[in-house]
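Protein chains: 2
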Amino acid sequence: MGEREEVKILGFWASPFVHRVQWALNLKGTHFDYAEEDLWGEKSALLLSTNPVHKQVPVLIHNAKPVVDSLLILEYIDDTWTHRHQILPTDPYDRAMARFWAKFGDEKLLGPAFRAMCSSSEKKVMGANSVAESLEFLEGVLKGKKFFGVENIGYLDIALGWLAYMLEVWEEVGSMKIMDANKFPCLANWMKSFVDHPLIKDSLPPRDKMVVYFEERCKILASLFN
Amino acid sequence: MGEREEVKILGFWASPFVHRVQWALNLKGTHFDYAEEDLWGEKSALLLSTNPVHKQVPVLIHNAKPVVDSLLILEYIDDTWTHRHQILPTDPYDRAMARFWAKFGDEKLLGPAFRAMCSSSEKKVMGANSVAESLEFLEGVLKGKKFFGVENIGYLDIALGWLAYMLEVWEEVGSMKIMDANKFPCLANWMKSFVDHPLIKDSLPPRDKMVVYFEERCKILASLFN
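If you're matching them up, the sequences are chains A and B in order.
Counting in UniProt numbering, the first sequence runs from 1 upward without gaps.
Counting in UniProt numbering, the second sequence runs from 1 upward without gaps.
By construction, these hints were calculated from the structure, which means they are not laboratory data.
Accuracy of the hints is not assured; some may be wrong.
The list treats identical chains as one, so a pair stands whether inside a single copy or across any two.
Once the Cα atoms are required to be at most 27 Å apart in a straight line, the calculated BS3-like pairs of lysine-lysine come out as [to be verified]:
1. Lys145 <-> Lys192
2. Lys177 <-> Lys65
3. Lys201 <-> Lys177
4. Lys183 <-> Lys209
5. Lys123 <-> Lys55
6. Lys103 <-> Lys65
7. Lys177 <-> Lys43
8. Lys183 <-> Lys123
9. Lys55 <-> Lys108
10. Lys65 <-> Lys143
11. Lys65 <-> Lys55
12. Lys55 <-> Lys192
13. Lys183 <-> Lys55
14. Lys65 <-> Lys145
15. Lys65 <-> Lys108
16. Lys103 <-> Lys8
17. Lys177 <-> Lys146
18. Lys219 <-> Lys146
19. Lys55 <-> Lys103
20. Lys146 <-> Lys183
21. Lys146 <-> Lys123
22. Lys65 <-> Lys146
23. Lys65 <-> Lys123
24. Lys183 <-> Lys43
Same shape as in the complex, but just chain A:
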């Protein structure tokens, strides 16, 4: 790719979906500009024009063309910057499996864990239990491997990366316990390896700031989820 290409992320500091895109570009060594969106205030005209359907972050703008949806942006990044650090596996079956578990992670872990954090009593317990059950599947997928991408961080590591630094915050904010290192030893090791990865560790949002932010979100959303 030429040196003068424009690569810009419209993001929000606490969004696990936005972090995926930042990590993927870091792995590719692709320089990008970043614009923080005021998601709960006034969204920028650029966000509204580049993502008119969902009006959400992340948006990746590459030479004036917008791509949205974090998992689809990962595919686009891998299809576009092919020179370095392949993100998806090469084998068609491995690719299918990585995509399957990434979608599973969003549907059975990320969404339910967020809702459990903001729920109370019975709903919280049921939600937390269902997330723990889903973690069992991932423990099986990871067995014998350091990363889901085997030797290094790949598509599925990036998709599930939020588990490694955000789940613990959600557990604290939601006064719930989901992750158990004795029950999920492979996942526990993976979480450590992931947050210690040189391209990840300096990109994570401050823990204290996340706690304050998600406590605030939960107050606002509690009525919706209970």
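Using the hints provided, position chain B relative to the given structure of chain A.
Just chain B now, kept in the frame of chain A:
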């Protein structure tokens, strides 16, 4: 690929998700076996073992390896049988757009249209209106093209194919009107071209049988959606 490869679909005759996989294999000229699942009776041991997470069809079994989730199966088919009829576009940006609108179709059209069919009064009207609004986006995407894949049927045509033969059945069963050829002329032409395509027209389920089946489903699901 070798001649002795095993390609099998676990399916259900009225599932638009299953049809996608059948069409894609037909486009590739890949011979496959088909096993009908009794989704509302007893699911086969093969289904439960090949899709333990969701226990749903379609499952594509290729040389004993199962792939699930219809849109991911399309990617797998395109990654595997590369010799003929590329399903996804080549250009990274076109690929991202095709994936985006396919997901949009499932989230903003297929799910909502099905629920509107089974809902009553206010909910039906609101649901049908939201589907019509979403069709406006697709009309814009299609403008000036015969197929979403431009010259021939591609990934997005396959993903949205259900619109061309099933939406009208759902409109009849649900006593609602969503599609309007005057408002969406490009989509109306596309629907005709799609169901007339030589590889599609002989694979569609009988209309009368669909009406009876979806009427029955609606009776069962009405209490859930109202």
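Evaluation of the provided hints:
no. : hint              : result
1   : Lys145 <-> Lys192 : within (13 Å within a copy, 50 Å between copies)
2   : Lys177 <-> Lys65  : neither (42 Å within a copy, 35 Å between copies)
3   : Lys201 <-> Lys177 : within (24 Å within a copy, 53 Å between copies)
4   : Lys183 <-> Lys209 : neither (29 Å within a copy, 49 Å between copies)
5   : Lys123 <-> Lys55  : between (29 Å within a copy, 24 Å between copies)
6   : Lys103 <-> Lys65  : both (25 Å within a copy, 19 Å between copies)
7   : Lys177 <-> Lys43  : neither (34 Å within a copy, 35 Å between copies)
8   : Lys183 <-> Lys123 : within (23 Å within a copy, 44 Å between copies)
9   : Lys55 <-> Lys108  : both (23 Å within a copy, 15 Å between copies)
10  : Lys65 <-> Lys143  : between (39 Å within a copy, 19 Å between copies)
11  : Lys65 <-> Lys55   : within (16 Å within a copy, 38 Å between copies)
12  : Lys55 <-> Lys192  : neither (34 Å within a copy, 33 Å between copies)
13  : Lys183 <-> Lys55  : between (39 Å within a copy, 25 Å between copies)
14  : Lys65 <-> Lys145  : between (37 Å within a copy, 20 Å between copies)
15  : Lys65 <-> Lys108  : between (31 Å within a copy, 23 Å between copies)
16  : Lys103 <-> Lys8   : both (25 Å within a copy, 23 Å between copies)
17  : Lys177 <-> Lys146 : within (24 Å within a copy, 53 Å between copies)
18  : Lys219 <-> Lys146 : neither (37 Å within a copy, 50 Å between copies)
19  : Lys55 <-> Lys103  : both (21 Å within a copy, 16 Å between copies)
20  : Lys146 <-> Lys183 : within (17 Å within a copy, 54 Å between copies)
21  : Lys146 <-> Lys123 : neither (34 Å within a copy, 49 Å between copies)
22  : Lys65 <-> Lys146  : between (36 Å within a copy, 24 Å between copies)
23  : Lys65 <-> Lys123  : neither (42 Å within a copy, 37 Å between copies)
24  : Lys183 <-> Lys43  : neither (42 Å within a copy, 31 Å between copies)
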